[in-house]
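**Q** Based on the sequences and whatever the hints tell you, model everything.
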Amino acid sequence: MTTPIRRLLVANRGEIARRVFATCRRLGIETVAVHSDADAAMPFVGEADVAVRLPGDAPSETYLRSDLILDAARRTGADAVHPGYGFLSENAEFARAVVDAGLVWVGPAPESIEAMGSKIRAKELMRAAGIPVLEAPASPATADLPLIVKASAGGGGRGMRVVRDLDRLDDEIAAARAEADSAFGDGTVFLERYVERGRHVEVQVVGHPDGILVLGERDCSIQRRHQKVVEESPAPRLPERTRASLHEAARAVAAAIDYRGAGTVEFLYDAGADRFFFLEMNTRLQVEHPVTELVHGVDLVELQLTVAEGRSPDPRTIGETYGHAIEVRLYAEDPAADWQPQSGLLTMVDVPGVDGRFDLLNRPGLRLDSGVESGSEVSTHYDALLAKLVAWAPTREQAARRLAAALRGARLHGLVTNRDLLVGILGDPAFAAGEVSTAFLDDHPVRTPAPDPDACVAAALALAEHDRSTRTVQQGVPVAWRNVVSQAQITRFSGSSAQVGGRAPAQADDPVEVAWYGGRDGYVVHGLVVRATSPTGVTLERDGVATTYDVQVTGDRVDVDAPSGHVALTVVPRFTDPADAVSSGSLLAPMPGTVVGVAVTKGDHVAAGDPVLVLEAMKMQHTVSAPHAGTVTDLTVRPGDQVAAGEVLALVEEKQ
Amino acid sequence: MTVTNREAMLAKLADLDAEHAKAVGGGGQKYVDRHHARGKLLPRERIELLVDPGSAFLELSPLAGWGSDFTVGASVVTGIGVVEGVECLITANDPSVKGGASNPWTVKKIFRASQIAEENNLPTISLVESGGADLPTQKEIFIPGGKLFRDLTRASARKQPTVALVFGNSTAGGAYVPGMSDYTVMVKEQAKVFLGGPPLVRMATGEEADDESLGGADMHARISGLADYLAEDELDAIRIGRRIVARLNRRTMRTEPVPPFVEPDADVDGLLDLIPADLKEPFDPRAVIVRIVDGSSPGNARAFDEFKPLYGASLVTGWARIHGRPIGILANAQGVLFSEEAQKATQFIQLANQADTPLLFLHNTTGYMVGAEYEQGGIIKHGAQMINAVSNSTVPHLSVIMGASYGAGNYGMNGRAYDPRFLFTWPSAKAAVMGPAQLAGVLSIVARAAREARGQEYDEKGDAEMRALVEASVEEQSLPFFLSGMLYDDGVIDPRDTRTILAICLSVIENAPFTGAGGYGVFRT
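In order, the protein sequence lines correspond to chains A and B. Each residue of the first sequence is one higher than the last, beginning at 1 in the working numbering. Each residue of the second sequence is one higher than the last, beginning at 1 in the working numbering.
Derived from the structure by calculation, the hints contain no laboratory data. If a hint is listed, it holds; no wrong ones were tucked in.
List of simulated lysine to any residue pairs, SDA-like, C-alpha gap at most 20 Å:
| no. | chain 1 | residue 1 | chain 2 | residue 2 |
| --- | --- | --- | --- | --- |
| 1 | B | Lys159 | B | Asn249 |
| 2 | B | Lys188 | A | Gly646 |
| 3 | B | Lys188 | A | Pro592 |
| 4 | B | Lys40 | A | Ser486 |
| 5 | B | Lys188 | A | Leu588 |
| 6 | B | Lys159 | B | Tyr176 |
| 7 | B | Lys22 | A | Ser486 |
| 8 | B | Lys188 | A | Glu647 |
| 9 | B | Lys188 | A | Val648 |
For each label pair, taking beta carbons as the anchor points, the in silico distance ranges come out as:
| no. | chain 1 | residue 1 | chain 2 | residue 2 | range |
| --- | --- | --- | --- | --- | --- |
| 10 | B | Gly225 | A | Asp604 | 36 to 46 Å |
| 11 | A | Asp577 | B | Gln138 | 33 to 43 Å |
| 12 | A | Pro445 | B | Arg6 | 51 to 61 Å |
| 13 | A | Asp634 | B | Pro144 | 51 to 61 Å |
| 14 | B | Pro257 | A | Val572 | 25 to 35 Å |
Incomplete in silico selection of chain B near chain A, CB under 8 Å:
| no. | residue |
| --- | --- |
| 15 | Ala23 |
| 16 | Glu45 |
| 17 | Leu49 |
| 18 | Ser55 |
| 19 | Val82 |
| 20 | Leu235 |
| 21 | Ala503 |
Built from N, CA and C at the ideal position, the CB exists for glycine as well.
**A** Have a look at this one:
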């Protein structure tokens, strides 16, 4: 029985919601978005035909609320639900609730989700079906090291700990259990042998009424903190015999549970021994599905919808297998600061030369699947994935080069991203040789390029042009014109360590100083020829070589994109109001007076609004209170002291 | 080897740079270093921080005092800068020159600055740090110097705001600069503002008082109320000064946006080739005009529309735009002004007044024509008409002395005495009652006639010496640095900067309303 889908609700956000909508638009299916408050202005919301607000920001209040999502489907007349990845995509209960509500569930049967949901059960199943799995020693000995503790319900690296020392085993299990419990609500963990330099190879399958389609494999070995950052298809340096065995194993896995829909069977491949082991099966669309789509000429979302409608894929919707595709995940995160996720305004997202967005591309090229656009606000509530950039080319080498160039040329302003790291990986000789493994980033610390010192000059001149463009008088007069020249113009910038090409400057706090002259003959900078200037671009020539810098000025922030990379700078203001310079938490005398009472002593903890001291002035008593909760770290006055207006009386350090 | 016009001009420009460098150098490296070592900024450093980033600063009278016993620049910097989008007249004492003490040239320079602020309705910002009057020359300062304070309060009465940022000493008479200003900012532990310092107070009344209690910034901010703002340091004072200007609510008279404009049709750099090294050679001012006015573009179909081109050909008149602003131009072509030129000028000035269009005078004149034919033809009458029109014209005038500016030609072409809003000089200029050789020759003829009348022998050798001496002295006194030193212009400029300077002046002029003259003196016909 087939059930045509007319209106599809995507129970997800960001780039994956946009990805599903793109296929729907192509197929003529109406779309419904659901969104949290924080996502109200995100592109995916506006792209849907209708959108339903899920009040709140936290996933637990919004994208994980199956009741609200089903209500949204009812209210909008949606007849199908696509879960995307993450959130409720592998939640069997939700799948069941969707089906029970009389809607089409775009995903495998709830039973399949359950069968694979527990990694322990899935392993048992595979062992029974004769698929190799990584066995855990019954009583671990030093010879079995290293081991890995994994959460049974896990994913995304959470609840995963590598054990290299038997003494640490119990602690790591406990830690993993706690992490798993908080992340998945299930503290079950299990132990596996850990393959040090293993590769993560996964096979894309699509189960349908007439069989199982195997759409090649992907290598997703390069990971940071157990999260994939670079994925490609086909897997490099894989013997053809092994490749065929992997495909067959994947087919067997899917067949073992009569799998329907798109799924991924993940294997650990030990390249040294040319052996592979079943890890788990993901019963959903994967983040990295575009590489398969490009190489195999298929729209995996379309296939998902076809199978959900109860049909088998039309062979005409499956193209020929051609070339090599590599995907990188652009995250708003700071690789130099322990991968800390970044939040805030993305003032610019622009990847020149993109051939298609969420699109199969009819010839090799560049594909961008982005959840954000220039001006998007990245919130702290969700995954920091901004976009996926995919290059498809006849060969792996060509794809890597194209992708690295596109990344270098991309303009990503406002937040620190992992772009430089990705460029570094793609240019690494080990990567070029296909020597990838899950330990790649540990074995090959990526060297990010040194920032171009002239980028600061470009920033200063673009800023001057920007100032010129906002003048209200003397608009046409040359910048910084002087009839009597006495000194250079000075522009100062500060840039956080990560922002200046991802490397810490010699002295982190030192501002960069650019000295330049304006006037009749245009800009003059020592050692450089200034060829062209505008508020958005500067061309500088050094030793006969001209370089063009793209510049974006946003308030006191200046972003410079040069061929050598991106530099983000902050203008150091010429003046600071001393009132603003006082360390936060300082209590200042509101007027001159006499201290008549001190309510605290140094080291005391105070709550916001607690009285700290009392001043008497003009025969009136004034209570000076704590601006926030914290500790009194300084107290400079005693009762009877005369104080001047603005004098610092005490310091309350805010509680972290 | 003959020197090209360009080489001659470049040599003069190099001299100009050297003279400007003297002004910038202030009291010399030793005093500059000492000032910096105290954590203090030089006047131009203060100004650079005060004006909007990337805006222009037009320094005025930088060569004041040139040729005198005082340091070039007269220990004060004056100029027009843009602060928070407002064109302001800025003055800044140079404390590296004798503690910023005022000499007679300082006073004249500040008077000129005040006049510019008054005529163009500009706020004045005084960056004060001066030890007071230069005592050896007090006789030339004390009596006329009172005008400084009168000007400040009259500016205030005209609602032209006055802001004083006090960085250091501002004592005795100098105390009235903050005293007469609308807003006063004093730098903590630096500003000292009192009528009498500790020694004078002890002499006068026997009271023992220290600097701080007599005139410290803190005292003035908390007790006397003379300081409206107490600044933490110099930067903070400048920051506060900018905030004060931001809140002045100044608006220019311009109600419509400046129309778009393009750069000149001819290469500005070519100006260096145009001016003959020897001013006896005439040059075509149209070649200058096309290098300083807006190029032709939609909305400005012709760069320069010449008026009455066939009449009075040794004076070029016509209409153009500079940075989108209309201007009428009078430029000498063949040096001499005849009756026709004078009448043409008179009519043109009246036309500009009818249309409320500012005027630009480009000088290269040897004066009105002399000789029986011309006297009988009424050259005095016609010259008087031109001077009448110039004197009573009420549209703003700008003057640039490109070459010669001799005799009554200087008057008719709106010389200093005729109060153009701004007057700048090219390094090639010369101005005097007549050419040095002519002047020496006239003196010789007069002396010879006197001797001969008394029947005495004329000393030919002495005459030759006298002529050489007079010629050299007049030559020196008609040169731009000398004239600029005397405050007879607002500065000697690089010809290539002329367009920019005129554009700044035309923008500055828009701060005060003006309308063309309704009446003139009696035109003698």
